[in-house]
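Peer 1: Sequence:
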Amino acid sequence: MVVIHKIEKRPRGRPQIRCDDDTKSLIIEAANAQFHESGYAAASISAIAQNAGVSTKTLYRLFPTKADLFACMISDRIGRFFLAVNPDAHANEDMREGLERILTAYGMLTLSHDTIDIIRLVIGESDRFPELAASFYERAIVKTNTVMESWLRDQIKRGLIALTDPHAASGMLRGMMVMEPQRAAMLRQEPAPQSEEIAARAKMCAEIFLKGCAI
1 MVVIHKIEKR
11 PRGRPQIRCD
21 DDTKSLIIEA
31 ANAQFHESGY
41 AAASISAIAQ
51 NAGVSTKTLY
61 RLFPTKADLF
71 ACMISDRIGR
81 FFLAVNPDAH
91 ANEDMREGLE
101 RILTAYGMLT
111 LSHDTIDIIR
121 LVIGESDRFP
131 ELAASFYERA
141 IVKTNTVMES
151 WLRDQIKRGL
161 IALTDPHAAS
171 GMLRGMMVME
181 PQRAAMLRQE
191 PAPQSEEIAA
201 RAKMCAEIFL
211 KGCAI
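With UniProt numbering applied, the sequence shown has no gaps in its numbers, which climb one by one up to 215 at the end.
Since the hints were made in silico from the structure, they are not lab data.
Just so you know, not all the hints are guaranteed correct.
[Stated by the list, open to error] List time: in silico DSSO-like cross-link candidates among lysine-lysine, alpha-carbon distance up to 27 Å:
(1) Lys57 with Lys24
(2) Lys157 with Lys24
(3) Lys211 with Lys143
(4) Lys157 with Lys143
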């Protein structure tokens, strides 16, 4: 009996190339680990490229400077927060539920171990690298405050709350939600809160806040 082995033909042309967005994600993940491990100044671009499985040429094409890479790492985190608080997906939800959801998402972002480590890094390196502080402020603090401020303005338009300065109120709301636990974790006096603790704190903050500005 003759056995005929089928020979698989390889597809012609070059092998499939990973898209830039996927490559960026791999680089950002590797950069996050490298920044946490070595700090900003000592972080090795070569090590980041190697851990991401790309060449340094590819990394520099996508992120021309280390500052660009750090900024995109922050933006990637904030992008996940934006997805979690997407107002279009929750247009008809109860106001209290909406505020609890936003505060919980904000707490999960800002009270995570990774974010606390990034804040420590920014504070520690800001004298030598002021662009780090500027990037973090614009891409993290300003953008998250804008999301909350926009939500508050929507509730004002709906006639559900009364606020004379929603911008300031947004800052106060964010501080009430995360300042104490974040400061304790940054100073290594308390562990970062778990998701259940964050949700409970969000519920309490929402109740206190809404009692203060409800119509």
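Peer 1: Now tell me, hint by hint, if it's right for this structure.
Peer 2: Hints, one by one, checked against the model:
Proximity of Lys57 to Lys24 is assessed by CA-CA distance (about 13 Å); at most 27 Å being required, the pair is judged to hold. With a C-alpha separation of about 39 Å, the suggested pair Lys157 and Lys24 falls outside the 27 Å cut-off, and the hint is violated. The hinted pair formed by Lys211 and Lys143 meets the criterion: a straight-line CA distance of about 26 Å does not exceed 27 Å. Between Lys157 and Lys143 the alpha-carbon distance is near 21 Å, which keeps this suggested pair within the 27 Å criterion.
The structure does not agree with numbered hint 2 stated previously, though it agrees with all others.
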